[in-house]
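If you're matching them up, the sequences are chains A and B in order.
Position 31 (the first sequence) corresponds to 11 in our numbering; numbering is contiguous.
Position 35 (the second sequence) corresponds to 15 in our numbering; numbering is contiguous.
By construction, these hints were calculated from the structure, which means they are not laboratory data.
It is possible that some hints are incorrect.
To be verified - Derived DSS-like pairs: lysine-lysine, alpha-carbon spacing no greater than 27 Å straight-line:
1. B:K(-1) <-> B:K24
2. A:K(-4) <-> B:K24
3. B:K26 <-> B:K(-1)
4. B:K26 <-> B:K60
5. A:K60 <-> B:K(-1)
6. A:K(-1) <-> B:K60
7. A:K26 <-> A:K60
8. A:K60 <-> A:K3
9. A:K26 <-> A:K(-1)
10. B:K3 <-> B:K26
11. A:K24 <-> A:K(-1)
12. A:K3 <-> A:K24
13. A:K60 <-> B:K26
14. B:K(-4) <-> A:K60
15. A:K24 <-> B:K24
16. B:K(-4) <-> B:K60
17. A:K60 <-> A:K(-1)
18. A:K(-4) <-> A:K60
19. B:K3 <-> A:K60
20. B:K3 <-> B:K60
21. A:K26 <-> B:K24
22. B:K24 <-> B:K3
23. B:K60 <-> A:K60
24. B:K(-4) <-> B:K24
25. A:K26 <-> B:K(-4)
26. A:K(-4) <-> A:K26
27. B:K(-1) <-> A:K3
28. B:K60 <-> B:K(-1)
29. B:K(-4) <-> B:K26
Number of protein chains: 2
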Amino acid sequence: MYVILVYDVNVARVSKVLKTARKYLHWVQNSVLEGELTEASFRKLKMELERIIDREEDSILFYVLGSQRYTRREIIGVRKGGEEWVW
Amino acid sequence: MYVILVYDVNVARVSKVLKTARKYLHWVQNSVLEGELTEASFRKLKMELERIIDREEDSILFYVLGSQRYTRREIIGVRKGGEEWVW
Chain A
-19 MYVILVYDVN
-9 VARVSKVLKT
1 ARKYLHWVQN
11 SVLEGELTEA
21 SFRKLKMELE
31 RIIDREEDSI
41 LFYVLGSQRY
51 TRREIIGVRK
61 GGEEWVW
Chain B
-19 MYVILVYDVN
-9 VARVSKVLKT
1 ARKYLHWVQN
11 SVLEGELTEA
21 SFRKLKMELE
31 RIIDREEDSI
41 LFYVLGSQRY
51 TRREIIGVRK
61 GGEEWVW
């Protein structure tokens, strides 16, 4: 399965969330990571993130794409944060 | 085509970016919108956004999924911003 993760968390927890997510996924933009995961790794990632975030304040959104990935990715403006572009 | 948009722009331009993007897409999280678009509408959306953003400072990322959409969407923590969940 291919997963896109977008986080929106309090600045106090950003570095922890990012560090954890980067163990599993590639960082592509300030608040966006993506990558191929097994179901087991995806569950593990979510469990680890749930331990970090404040569920009343933070939000982490996942898009699960099956094995197909996406057709293409485009960006306008500057490339931020993510140094792990694979294309 | 199905488009997921993630913006990361200076707070001074957030409301303009959001207002423009919402003419074309559904707002699903603080900085995330998505929806079905024609190629022509997608080009128009990008042109409008390019007129608003500062290309040296702001960043807008698009995932283009073809007509397939995604397998599923999951969220942990709070649902933020987007009041346009369609599921």
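Margin query: Name the hints, by number, that the structure is in violation of.
Written below: Hints 2, 15, 21, 25 and 27 not satisfied by this model.
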